[in-house]
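Asks: Here is what each chain is made of, one letter per residue.
2 protein chains.
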Amino acid sequence: MKLLLISNSTNPGEPYLGYSQAMIGEFLGKKHIKTLFIPYAAVTFSWDDYELKVREKFREAGHDVISIHHFTDPAEAVRKAQAIVVGGGNTWMLIKMIRDNKLVGPVREKVLSGIPYIGWSAGSNVACPTIRTTNDMPVIRPSSFRAFNLIPFQINPHYLDANPEGHAGETREQRIEEFIEVNPDLWVAGLREGTMFHVEDGKMRLIGPRKARIFKKGHEPIELGEADDLSFLLK
Amino acid sequence: MKLLLISNSTNPGEPYLGYSQAMIGEFLGKKHIKTLFIPYAAVTFSWDDYELKVREKFREAGHDVISIHHFTDPAEAVRKAQAIVVGGGNTWMLIKMIRDNKLVGPVREKVLSGIPYIGWSAGSNVACPTIRTTNDMPVIRPSSFRAFNLIPFQINPHYLDANPEGHAGETREQRIEEFIEVNPDLWVAGLREGTMFHVEDGKMRLIGPRKARIFKKGHEPIELGEADDLSFLLK
Numbered sequence: 625m626k627l628l629l630i631s632n633s634t635n636p637g638e639p640y641l642g643y644s645q646a647m648i649g650e651f652l653g654k655k656h657i658k659t660l661f662i663p664y665a666a667v668t669f670s671w672d673d674y675e676l677k678v679r680e681k682f683r684e685a686g687h688d689v690i691s692i693h694h695f696t697d698p699a700e701a702v703r704k705a706q707a708i709v710v711g712g713g714n715t716w717m718l719i720k721m722i723r724d725n726k727l728v729g730p731v732r733e734k735v736l737s738g739i740p741y742i743g744w745s746a747g748s749n750v751a752c753p754t755i756r757t758t759n760d761m762p763v764i765r766p767s768s769f770r771a772f773n774l775i776p777f778q779i780n781p782h783y784l785d786a787n788p789e790g791h792a793g794e795t796r797e798q799r800i801e802e803f804i805e806v807n808p809d810l811w812v813a814g815l816r817e818g819t820m821f822h823v824e825d826g827k828m829r830l831i832g833p834r835k836a837r838i839f840k841k842g843h844e845p846i847e848l849g850e851a852d853d854l855s856f857l858l859k
Numbered sequence: 625m626k627l628l629l630i631s632n633s634t635n636p637g638e639p640y641l642g643y644s645q646a647m648i649g650e651f652l653g654k655k656h657i658k659t660l661f662i663p664y665a666a667v668t669f670s671w672d673d674y675e676l677k678v679r680e681k682f683r684e685a686g687h688d689v690i691s692i693h694h695f696t697d698p699a700e701a702v703r704k705a706q707a708i709v710v711g712g713g714n715t716w717m718l719i720k721m722i723r724d725n726k727l728v729g730p731v732r733e734k735v736l737s738g739i740p741y742i743g744w745s746a747g748s749n750v751a752c753p754t755i756r757t758t759n760d761m762p763v764i765r766p767s768s769f770r771a772f773n774l775i776p777f778q779i780n781p782h783y784l785d786a787n788p789e790g791h792a793g794e795t796r797e798q799r800i801e802e803f804i805e806v807n808p809d810l811w812v813a814g815l816r817e818g819t820m821f822h823v824e825d826g827k828m829r830l831i832g833p834r835k836a837r838i839f840k841k842g843h844e845p846i847e848l849g850e851a852d853d854l855s856f857l858l859k
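Read top to bottom, the protein sequences are chains A and B. Here the first sequence stands for residues 625 to 859, where the numbers follow our numbering. Here the second sequence stands for residues 625 to 859, where the numbers follow our numbering.
Hints listed in this document are in silico derivations from the structure and should not be mistaken for laboratory results. Please note: incorrect hints may appear among the correct ones.
Because identical chains share one entry, a pair is satisfied inside a single copy or across any pair of copies.
Only pairs whose alpha carbons sit at most 30 Å apart, straight line, appear in this in silico DSSO-like list of lysine-lysine [unchecked claim]:
no.	residue 1	residue 2
1	K840	K655
2	K841	K677
3	K720	K654
4	K726	K835
5	K841	K626
Just so we're clear, the structure is a prediction, and the values are computed from it rather than from any experiment.
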């Protein structure tokens, strides 16, 4: 299985997919690949616009994208895909559309068969067992919270350490502590902005300048970085 | 109907229920009231501890609380309540427990009959038609997103204007823009910390030093404060 799970599309002051673009190109390999793009996380902009924006960045990296909304049979498009790319936006809308189009099974099977999967933000969240570590507002109700289950742990994308000054709402760490209290068997990885997980051949590593913060009920949070082997999370 | 819907329990550097305590006392009136407390939003601390903490603050304000978890028949406890108080925490756990205990109907009927309702944070969110404007992590899946529907609009508690510096995730305003895109018929009120809505006799006003930010699809966001009549949101 080949996964590239990216925390966020854009770092402040950088271009769209800036920090991940070179890694995306390398991950997809030297042969030109036309990836299948899933744009369903878009809420306030169109799927066409989303496709154009992503296509530009993928072409610069030596590859291409076509969005799934151009196909009359989306599941068939998945079965024929060379690679699957899931963009960020609203996780709730994304999983609702994935489920309504009955794509959970086809995407999972196809990625388990070996084609590359790239996701960022909401697109990384749906690679997890469920979407229950999303940061997004539940603007719409999906038929289930279950997602592609490509990895056995939960990612919290856009992980951040502090609230804005003077804000009293729960910190992200407090929110994840609630999650592990209710779900004591699951590991959760807080994936800070500017970083990504690379999974291949049963191994996982972090890429990027910030460590991931790893949580499980009964454990002190662990900080792991580029030098560490994170493969235990795949067990 | 009498509602006091509070954004957050605690401002930075202030005691628990600090800024709202005097208003809670006044809202419940001069006669001593033993309120029924719903502690289900607690995830990482016990219902007993939550009750003790809230009881102390209510007693200082001239009233008392007893938590619903002491009753073998929670719906019957609601039907006999003099006032209902719903504390903050995790909105998903709160609505799950409310629904599992079949309290949506009983609480709604009781509050429509005239007894006071006080909620803060998650407790304000469940006064809305649904919980779809929560900020919380969906650590558990409720049977439905529908809530008490005491008001016809959505509150976003802990509303804040900015992300921490250098963080690229969606701002709260962007999240609410997604909500109104998907739910164009609903008004959403961003209720900033340190403020609350007071509803009585079909009128609504804001109490506190910061304005509320009001959103609806097709409208520019509106800022309304203590001097403004917010009753149109109840229509």
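Asks: Now look at each hint and say whether the structure bears it out.
Replies: Structure-based check of all given hints:
Proximity of K840 and K655 under a CA criterion of 30 Å is satisfied in neither setting, with 40 Å inside one chain copy and 48 Å between copies. In this homomeric assembly, K841 and K677 come within 30 Å of each other (Cα to Cα) only across copies, at 25 Å, whereas the closest approach inside a single copy is 40 Å. Neither within a single protomer nor between protomers do K720 and K654 lie at most 30 Å apart by alpha-carbon distance, with minima of 34 Å and 49 Å respectively. Taking the shortest alpha-carbon separations for K726 and K835, neither the intra-copy value of 35 Å nor the inter-copy value of 44 Å comes in at or below 30 Å.
Proximity of K841 to K626 under the C-alpha cut-off of 30 Å is restricted to the intra-copy arrangement: shortest distance 28 Å within a copy versus 41 Å between copies.
Hints 1, 3, 4 from the earlier list are contradicted by this structure; the remaining hints agree with it.
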